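K.L.:
Sequence:
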Amino acid sequence: MTEYKKDLGLKESTAIVISRIIGSGIFRTPAPIMALVGCTSLFGLVWVIGGIITIFGAVIYAELTAMLPKSGGPYVFLKEAYGPYIAFIRGWAMFFVSETASIVAVALVFTEYLNAIWEIASGTPFNLLVTFTIALITIWLLTSINLFGVNLSGKFQVLFGVTKIAAVGAIIGITLTSFSTGNSQNFVNPLWPKTFDWHTILAVGAALRYSFFAFSGWEGATYMAEEVKHPQKTLPLSLFFGISGVMLLYLGANMGYLFQLDVNAIIKEKWVATAAMKVVLGATGGILISIAVAINAFGNISTQILCKSRTWHAMARDGLFFEKFRELHPRFNTPNNALVGQGIWATVLLVFAVLSTYYQSGMAGTNTYEIIIDFFSATSTIFNLLT
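Residues in the sequence shown are numbered from 1 upward in steps of one, following the UniProt record's numbering.
It should be emphasised that the hints constitute simulated quantities derived from the structure, not laboratory data. Any given hint could be a false lead.
[What the hints assert, rightly or not] No farther apart than 25 Å at their CA atoms in a straight line, the calculated lysine-lysine pairs in the DSS-like style are these:
| no. | residue 1 | residue 2 |
| --- | --- | --- |
| 1 | Lys11 | Lys278 |
| 2 | Lys278 | Lys155 |
| 3 | Lys6 | Lys278 |
| 4 | Lys155 | Lys233 |
| 5 | Lys6 | Lys268 |
| 6 | Lys278 | Lys268 |
| 7 | Lys229 | Lys5 |
| 8 | Lys155 | Lys229 |
| 9 | Lys155 | Lys11 |
| 10 | Lys5 | Lys233 |
| 11 | Lys11 | Lys229 |
| 12 | Lys194 | Lys268 |
| 13 | Lys5 | Lys194 |
| 14 | Lys194 | Lys6 |
| 15 | Lys268 | Lys5 |
Remember, it's a predicted structure, so these values are computed and weren't measured experimentally.
Modelling step: build the complete structure from the supplied sequences, incorporating the hints.
P.N.:
Structure, rendered in structure tokens:
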């Protein structure tokens, strides 16, 4: 029987962690966090606590992976803890609703930011057909790359990880070194909350959910346990290095935002990173942020496609999913049937979302992303709590 090849080392596993975490969160969540806490000290504290708690979660996952070094990630742990019935429900809900929908949602984010760049350059937005075609090509291009062995996929993950680090690093460098537009007084005005009581503690607790969202996806490498060299040693290190590195990037990015924008400006801006870059570079800053988000989204899609297909294979191997999905390619040792099946269902969800938007508004982009998120949110929340 064909088995997985152990082609992923520490470098590739860490890249998977980084690529799964860094998405749109660091560009979108600073505003609601600041709106809740209202001062710079608690703003920074929320990001630090979010990162530390994520590292604690990673320690737990590392212990679980050491006990159960099997591909499939949270599905494997859920099956061991609650038995096959709950694992069956979780797995089917992941495939048909939440996890495949997440791939489509990020593909639409990628298309949205390509559209923003194109509209600035040409003055004309994408129409329905172009939106659908780009999202579809993206899903199948990245699915195809992952068909040809985890060694190739691992190299792409390293490339995406380095590119994401470079994109966020560029934002940090530009915003923190533009002294002509920055103001160091923003770091201490206000430094502390006006009062410190239960309302303050509740505000910090509420703000943490946005920090956790920005760190979500950190468990990605555990999906690949059987393809990692020395998983009991490599996975804990990759989780620690990946999450710690992302936390430092997030703290640096938020310092850059604060240097360019005061507290009130951060609260008012939906896309804080865009506003900060526009202060420094004008309209060019908006284009650069669109490029950065598009890069992050593209890498995130690839990592999701790679990791989540291992869950469908693990389920089929346990007799809880389609029989064909348990097969590995005899040459590339990849779950190609699971990858293709995942791509087909993602296409169905994409068609449904785009057509729903068309019939509601006559144009794509109005609420296509929100339709997909409706699929994703409820089931993922329930089963993440169980895990």
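K.L.:
Which hint numbers does the structure go against, in order from smallest to largest?
P.N.:
Violated hints: 1, 2, 3, 5, 13, 14, 15; rest satisfied.
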